[in-house]
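Q: In the order they appear, the protein sequences are chains A and B. First residue of the first sequence? That's 318 in this note's numbering, and the numbers climb one at a time after it. First residue of the second sequence? That's 166 in this note's numbering, and the numbers climb one at a time after it.
Quick caveat, the hints were computed from the structure, so don't treat them as lab data. Take these hints with a grain of salt, some might be off.
To be verified - With a straight-line Cα cutoff of 25 Å, these simulated SDA-like cross-link-like pairs (lysine to any residue) come out:
1. B:K467 / B:I545
2. A:K647 / A:K1022
3. A:K1087 / A:D1296
4. A:K1083 / B:I545
5. A:K921 / B:N321
6. A:K926 / B:T577
7. A:K926 / B:L504
8. A:K715 / A:L745
9. A:K1022 / B:T379
10. A:K1019 / B:N500
11. A:K926 / B:I545
12. A:K926 / B:I496
13. A:K761 / A:R465
14. A:K1020 / B:Y575
15. A:K926 / B:K360
16. A:K917 / B:I545
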Amino acid sequence: MANKKYWQSFSELNNSDVHKELSENEFPESLPFEGTDKGLANAPASRRDFLKYLGFSTAAAMAAASCETPVRKAIPYVNKPENLVPGVADYYATTYISGGEAIPVIAKVRDGRPIKLEGNTLSSFTHGGTTARVQASVLDLYDTARLRHAKANGVAADYEAIDKTLAEQFAAVSGEVVVLTSTITSPTTKDIIKNFLAKRAGRHIQFDNVSHSGMILANEATYGKKAIPSYKFESAKVIVSFGADFLGTWLNPVEFQHGYTAGKKLNQNNPTLNKHYQFESIMTMTGANADARYTHKPSEQAAVVNALYSAVKGESVTGVSDSVKEGVQKAAAELNANKGAGLVVANSNDVNVQIVINAINEVIGANGTTINWAAPQLTHQGIDSEMAALVADMEAGKVGALLIYGTNPVYEYFDGGRFANALSKVKLTISFNDREDETSQLCKFILPAPHFLESWGDAEPKAGSYSMVQPTINPLFKTRPFQDSLLIWTGATETYADYIKTYWTAKLGGDSNYIQALQDGIVETNNNVTGAAFNGGAVATAVAANAAKKAAAGLELVVYQKVGLGDGKNGNNPWLLELPDPITRATWDNYIIVSPQVAKETFKIDLTKVGQANDYEINVMKPLAKVTVNGKEVELPILIIPGTEAETLAIAVGFGRAKEIGRAVIAQDGTPVGKNAYPLLSFNGNTVDWHTANVSIENTGKKFKVAQVQTHNSYEGRREVIKETTLKEFQADNKVIYNERETELHHFGGIENFVEEGTLYPQLPKPGVKWGMSIDLNSCYGCGACVVACNAENNVPVVGKQEVARFHDMHWLRIDRYFSGNPEDPNSIQTVFQPMLCQHCDNAPCENVCPVAATNHSSEGLNQMTYNRCIGTRYCANNCPYKVRRFNWADYTGADSFANNQQPLVDEGSMDDVVLMMNDDLTRMVLNPDVTVRSRGVIEKCSFCVQRLQEGKLKAKKENRPLADGDVKTACQQACAADAIVFGNANNPESEISKVRAENNLRVYHALEMLHVLPNVNYLAKVRNSDDISNSGVLSAEKHEPKTKPAAEAHH
Amino acid sequence: MALKYESHVRGPLVEGAKDYHQVTEDIVRPIETNPSRLWWMGFIISVALLLFGVYSIYRDVTYGIGQWNLNKTIGWGWDITNFVWWVGIGHAGTLISAILLLFRQGWRTGVNRAAEAMTIFAVICAGQFPIWHMGRVWMAPFVMPYPNTRGPLWVNFNSPLLWDVFAISTYFTVSLLFWYSGLLPDFATVRDRAKLKWRKFTYGLLSFGWTGSTKHWQRHESLSLVLAGLSTPLVLSVHTIVSFDFATSVIPGWHTTIFPPYFVAGAIFSGFAMVQTLLLIVRKVLKLEDYITIEHIEVMNKVIVLTGSIVGIAYLTELFISWYGRNPYEIYAFNENRLNIFSPYGWSYWLMMACNVISPQIFWFRKLRRNIVVTFFMSIIVNVGMWFERFVIIVTSIYRDYLPSSWSTYYTPTIWEIGFYLGTFGLFFTCFFLFAKFFPVIAIAEIKHILKRSGDNYKQHWVEAEKESLEKFYHDTHQDHH
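Just chain B, same shape as in the assembly:
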């Protein structure tokens, strides 16, 4: 399960002279102690935002979508922008947990638990938008293909929105299972350490009777691999299908074949940025700097500069194709609605460009990659940029499309539209704070897995380790689990 050799130049992934016990102590501590004042503050703010979001949705459901500033020309605005944004954010978690697992990237162990949690919560938030943006949300079950008494009435399998329903629900289910199966050994650890009755009972239930037997470990590893295999195509497919909402339409600016790869790259880009934002806070608040090290941060910054550049290439390709395609409607959508900074929404295009393409380029410099303040700042910038990317795609395409008679007046969100978005932040952080309090935010078992290879005190013995016989090495690493 692990490679024998690890490069000398790579810094240790677990800092401080940790042993197995110390790892457990460090990670389980937040669960066993009372939450800090900082935690309470964050939690209360999150719940307040959540409640505001609930009220915003209440207004939208009771009084109608007219509570938002969408109009006859702009049928989707903040709602679907936020949907795509949240779905995109989720992607980093799956990528880290699935694809990096398959690629045997040891550094993922420090961040995968939190990243997967982020995925789950982000998808929950994303799901709110397609649901509550419906004019008659109480009829939402119509999108499910179930046998009914309405004659031969069935859902429309041609509709990308229906594909979304399947894509998102599958994604959510698989991500949840993957995340939970990874949690089992750690729940068992908490259970075994528990001194309080309720904790023992609760974590006992949650851990599904995990005993740590070899059979459990063996099945656990297999399940992880299977789920990683299932998740891997999902990383690509979910955002591809989300991009079909636009790519299969006839609207200039939406009808673009580059969307699937471009959306996936963008999703990973924004997802990693969000992981950075969250982990920089978590490591600080929960004092986990030894586990989420500057190495982790740097690696993720590399992913950010890579995906950001892919996204940049995609933007330029779009422009090129619109020019090369000679479709005047598409040329207008790109040149006038977007590129022209003096057009009503020109600013949003250039804001997107600045945030997504230009600013991440600073991560070519090692110093900046390893600077926590810069990273935190950039992670926010990237997510602002990615939000605007979706806004640019959705709003600047439809607000001036085919018939100039229908070109729209200026669209700005109402307080209830913003409230809904803030509400999903509330939902996300409420979930995340509960997760940080009650769940091990770092995969204890997996950290232990790499401890002897990438741990600070073990790394010093690398020269010796290199001299070790292969048999002995395997023997050692296979002790990791125990």
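This is chain A alone, in the form it adopts within the complex:
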């Protein structure tokens, strides 16, 4: 019965050939055209074929014409993981780790993917602040250049095999086993390294690419502690910084920004501010925020520090220029007048300079008040001479095995070439770096460690302040934690995750405490402020040594870190590379910063001549210069930055990477982006110097494209845009800003009645929620954390250097930087930073010009964009007085209806590979699913993070309560370490925004208020603790009326 078969025809019964063929062709996949073997055009078309052709071609034309966006299918969970609700974010406390840097963060995880980091507000030193690098680090997780598996001798290998090989090789090692890492703040990792080395002859070297060993050694000499103390800027009324960019790159800027802000918040009824003196050679971001800034040559720093030491002791000041002398005396007077409330810091890596700094701090009573030895900073522990000794040992063949973790000396050691040579003399080299970077390439084994968001761990950035690291996603690739490898090679059976658990459960006394610690992310024990015993024995020698340093003649070079990219450890991060530098406003490259004097002499560009200044500023092609430093030549474009000491040049580190670092570091022509500046550092036998004398620069006559997002430097006295005054003036009359505003508006009813009387039209009531933002210019330092936070939150596309150079940058939030003063006198330069974003005007000029109403006003005061309605006329962007609207000039996101239109775009409009990198399926995992990815041809702009507002309102609604203040925060607000941005419902009198506006009503102003566009963003005028306001906002050699005078007294 089972074999019974029915047949339909005799041919089937007989299984004839004809039948076989027919049955095989029963459902032919090709169109059954006849005679197409002669080509479709010559085929004899029957009537039926004609109809087929017609039908097919119509359908094909329809399919082609409909241009439907390719659908990417998302596969739903078959079995939903527990505790995971699709569309609802989870938050995990963890820690940002980069080298020694450790900042407690909260990771937002959507559908299993970490997409955004916020600061952990429980931390007593970061207070929830972040830096641009912290914000950008989530993108590194999805970096396409990360190694996806271990490698042994250049080929993929699995870990068991490597372990087996290494067991043999470790046994055969003759000579030392050295573990070379960046500073390790993790107590467990340190233990594991110690245990690993305990069984072998070896040592652990910590190498900091940006080292503070001069400080550490100075502290050892004067305080007997080989460490760096905490600095309490919040307790300092007078701050003197010698080149230390403590708001941008020096030690822990998040902590310092928060502390510094305490002295920059102004009470309008009792106005006082801290006073910040900066002595430096190049315009750092911190210097840009200083109340008084004095420039000197880099080689004069020791003399200037000595001068301050003399001055605070009441001795006469010698050996410095007159202008610096004046500054030193003023600073000393203030420091002495505020004993116990002063703080002096220096960026110098010179032991003697730092010893004298310590001596000054001792004289002014900083030890134990603004300098806290109870909680030393542990983020920088490297000693330069130890690294130098290691390299010598490697060269001598004394090192048998080198394990490299978290550091990349071939690139970031001052003599990387020598290190690379030395590395080849080591038999067994193992790298744990996450990619084939400059050092890993030369190592025999690469065992990539996971990203911190995939890892377990802990960190102790300050003694007594612990921060936990926990995974937020399953490891994306076949990575293995460095610690796991060491544990295995030590012979331990537990994994690092178990180790952490055991360690912390024991340390905290129980499971529940451990779970609590993981939830909070931090464990803190010590909050005291104590000093340390000061031993002045070394001071006299140090003073003498400083005095013996002769100021060099001629040009000098300063190597510095960019505020965004820092030391270059996140060198392949497109968000950081596209983040404009706060001072130069340039993206993507490094360059030589030159003073206006050098520009005039060597490049024949005189910024005081309008024509030449215009030419320089409107052309993206900047002169290409060749700098020679100790026989090393570097060719880079120049940028002229006022405020740079006349004979000083500066180049940033972090650029000029190997192509294996990733797709973002290679320019369109295949060369690296920028040049590596680490080789321009020098070693003085004790510490690494970040400045060099005897430098020459020459004009190559060639030009090089530099992508700046802002080219004009001065605010042209437009006080409707920037309002600033001095503390003295504000103390004399705290209505000085208010009165100026009143003058501007008095034709239209004055401040009180401006809203109604500034227009012919009746005003409509605005009940319910009315979102508003207040930005305090006094506490915006320009660091750009908010900009990167905005990029991450709102899926702002990366456009690459070529597009930025064409002024096609897409940032929704930018930080405008204006200089004023005389460009030929660097000490006169004053800087102001103004975060500029959509002002959400209630009477928005963009809204009424859109022909299709794609941009319109919400009942909550939001100026909103309807992307799918936008047809891209760009009229709104033209009519925006703030120029905050951004147009999608090309298919930056891959969201376009047109296929294959991203690359290549010949000549004009060709995009960089980084744009495609950002569209890689891996990188796209970082996208925020709550925010539309915009397609080509539409305008976009700041939305006040409307997705967060909706989420907050929904949450309140579900909990059946009114929206509370603080329920929602914008991404920029949350990222700011200085709390410069306040956001909330301005209709709620209890909200912080209402309070800030009421408490600062004498400083509140709106940019371009007289236009009657009625912005929902207000600024708080900048009050400087300076003697005067330079040239009323104009960058010009001529002296202008310094008095605050509104430019627009009448406006129609």
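Using the hints provided, position chain B relative to the given structure of chain A.
A: Coordinates of chain B only, in the frame set by chain A:
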């Protein structure tokens, strides 16, 4: 329909001893003979340019507006400059056909057909720019107020861009109807003369069955008057509305109440220049020197010097008001962005001044007005100047506006931006060459209308004509049509 008296000092508008038949022969000849080598050359170059323009637009649509060098500060550049320029050029045609008709200007008959054709083609070219400058041109129908399924979503009637949509489409429709209705009797003439079957058929269709009956003529005349009445306000309104794109904005340099009259004068100015350029070529190539005479050229040169001076006054008024208004942003826009020749775009302002205000003043001299070479040269200069006027208004206002942080780098067009512009030239001349080949480039019927008054051989009999009784004169002139 015509005045009895015409001044003796005015030269004849039709030269050579023409009679009615000769007029028809002269004007229809190009249609009935094979095009010359010159025509072919011009036509092929035009089509080549057109194709280049099509490719430029293809790139813009496929790859994005990033194919152009516009940027975050300069949202409009060559695209809208070209748009305003082409729209302006169109104005002369309407002015000639409508306003001069109402004012009974006999000289218009020699040039109105070609000028109206120019209007139609210029508006077609102008329309390309607002369409293809859109980031998502496939969504362009959103600008039409039609019932839709998107809820209460409607167009934004506050937007000057939307007013443009209505203004331009109305203008185009009325101009087209006006032009076509004028063509009817001439098409019939071609039809009646046709010896080839296809020509008879085609022109038969085109002429809508025109028989030349009195009833046809009477309706034709009425329709002309009605359409002239409709077109007259359009001459003023279209460019007024185009100027609102700028005048209603908040940008210093755009936000100016003088724009509407200033734009209209400028449009007529550039339109006449373009008419001159075209007609000087046409009369040469098609040997129509007898119909488009030096008189015509001189009259149009007078219009050019008049409108050029109006435009000049407008420029000076703008400067005065910016100073008088004491608005520092406006003062900066005028003094620094424009007047200052050393500022990045200062050269474009002074180029505009030289071309539009200073150089047309040579037409105060009769000799120069009547010099064909000078006129041709000047007609080009004026259109270069008027192009720069729009460029100055658009680009020099926005490239440095309120916030100095957003002041732009130097804007130069890409090859595709230029290609788009050249493409519209291709489109314009392709249309114009086809028009010159297949359509009577001069209104035959209207020339005949004035022949007995302004024709060379009739003008000699003026003394006699003056002695004629009024009744006889009317009788004669009303025979004109037949």
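Q: Now look at each hint and say whether the structure bears it out.
A: Checked hints:
For the given pair, B:K467 sits about 16 Å from B:I545 by alpha-carbon distance, which is consistent with the 25 Å threshold. Restraint check for A:K647 and A:K1022: the C-alpha separation of about 42 Å exceeds 25 Å, so the hint is violated. At most 25 Å may separate the alpha-carbon atoms for a hinted pair to count; A:K1087 and A:D1296 meet this at roughly 21 Å. Of the supplied pair hints, the one linking A:K1083 and B:I545 is violated, its CA atoms being roughly 56 Å apart against a limit of 25 Å.
At most 25 Å may separate the alpha-carbon atoms for a hinted pair to count; A:K921 and B:N321 exceed this at roughly 52 Å. Only pairs whose Cα atoms come within 25 Å are accepted, and A:K926 paired with B:T577 is accepted, the gap being roughly 24 Å. The suggested pairing of A:K926 with B:L504 holds, with an alpha-carbon distance near 17 Å, which does not exceed 25 Å. With a C-alpha separation of about 12 Å, the suggested pairing of A:K715 with A:L745 holds against the 25 Å cut-off.
Restraint check for A:K1022 and B:T379: the C-alpha separation of about 74 Å exceeds 25 Å, so the hint is violated. At roughly 34 Å between alpha-carbon atoms, A:K1019 and B:N500 are farther apart than 25 Å, so this suggested pair is violated. The straight-line distance between the Cα atoms of A:K926 and B:I545 is roughly 36 Å, outside the 25 Å bound, and the hint therefore fails. For the suggested pair A:K926 and B:I496, the alpha carbons sit about 21 Å apart, so the restraint of at most 25 Å is met.
This hinted pair checks out: A:K761 and A:R465 have alpha carbons roughly 17 Å apart, not beyond 25 Å. Taking the CA atoms of A:K1020 and B:Y575, the gap is near 16 Å; set against the 25 Å cutoff, the hint holds. For the suggested pair A:K926 and B:K360, the alpha carbons sit about 75 Å apart, so the restraint of at most 25 Å is broken. Among the hinted pairs, A:K917 with B:I545 is inconsistent with the structure: their alpha-carbon atoms are about 43 Å apart, more than 25 Å.
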